[in-house]
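Please model the complete structure; the sequences and the hints are all you need to start from.
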Amino acid sequence: EAQVTQNPRYLITVTGKKLTVTCSQNMNHEYMSWYRQDPGLGLRQIYYSMNVEVTDKGDVPEGYKVSRKEKRNFPLILESPSPNQTSLYFCASSSPTGGVETQYFGPGTRLLVL
Amino acid sequence: AQSVTQLGSHVSVSEGALVLLRCNYSSSVPPYLFWYVQYPNQGLQLLLKYTSAATLVKGINGFEAEFKKSETSFHLTKPSAHMSDAAEYFCAATDTGGFKTIFGAGTRLFVKA
Chain A
282 EAQVTQNPRY LITVTGKKLT VTCSQNMNHE YMSWYRQDPG LGLRQIYYSM NVEVTDKGDV
342 PEGYKVSRKE KRNFPLILES PSPNQTSLYF CASSSPTGGV ETQYFGPGTR LLVL
Chain B
8 AQSVTQLGSH VSVSEGALVL LRCNYSSSVP PYLFWYVQYP NQGLQLLLKY TSAATLVKGI
68 NGFEAEFKKS ETSFHLTKPS AHMSDAAEYF CAATDTGGFK TIFGAGTRLF VKA
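Sequence order for the protein chains is A and B. According to the numbering used here, the residues represented by the first sequence are 282 to 395, in order. According to the numbering used here, the residues represented by the second sequence are 8 to 120, in order.
Simulated from the structure, these hints should not be mistaken for laboratory data. Please read all numbers here as calculations on a predicted model, not as lab measurements. No false leads were mixed into what you were given.
Keeping only pairs whose Cα atoms sit at most 30 Å apart, straight-line, the calculated BS3-like set for lysine-lysine is:
1. A:K338 <-> A:K298
2. A:K350 <-> A:K298
3. B:K76 <-> A:K338
4. B:K65 <-> B:K76
5. B:K107 <-> A:K299
6. A:K346 <-> A:K299
7. B:K107 <-> B:K65
8. B:K76 <-> B:K107
9. B:K107 <-> B:K75
10. A:K346 <-> A:K298
11. A:K352 <-> A:K299
12. B:K107 <-> A:K352
13. A:K299 <-> A:K338
14. B:K107 <-> A:K338
15. A:K350 <-> A:K299
16. B:K107 <-> A:K350
17. B:K65 <-> B:K119
18. A:K346 <-> B:K107
Here are a few chain B residues that face chain A, going by a calculated C-beta distance under 7 Å:
19. G50
20. L51
21. L53
22. F97
23. F106
24. T108
25. F110
26. G111
27. A112
28. G113
Each residue gets a CB set at the ideal place from its N, CA and C atoms; glycine is no exception.
Rendered as structure tokens:
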């Protein structure tokens, strides 16, 4: 089954404790992206990656890091989480070659930073 | 900079009534436009997309949207609402490269029996 998976689905942590949210897709997509969803703000793009070893900032990259060492994986790293990073996070992937393709979204990771 | 505005954070309709969810974008160059639906505790699912082909775009579940360049709008409609349409709907725009995506704030649709 074609899908985007995220782990963990729910996470409670404390300020300053490094964490990683994993994202994996099995569709051989070149493009992957991370978003955060906050009430009243919709989804905001954090980082995106056009292919392996190619990443770029979205609209709200501060406090986040990403890496793309393999095509299927695109982890989101919070080196020193703060309470304002409490949010619902979504990973997405697509294959834009030949045009603008549909983004497939993961189920989301709900993060609470105390 | 691009922006996407959805008018109305909440819309309520009766079952069987017309659904109209409004989306306006700002850009000198029409971007690619999308409507997504999010059911509770789920990720986003594509309803339809505009990529400069036909201005009237048909999507899944009976939804359609019309791209109007003169009004910079991409409103979502469905002739007859079902209870199962109750969800949150997001309008989104991507740049011509298709990488950077801007979402609207979302509109929550309530369907009354």
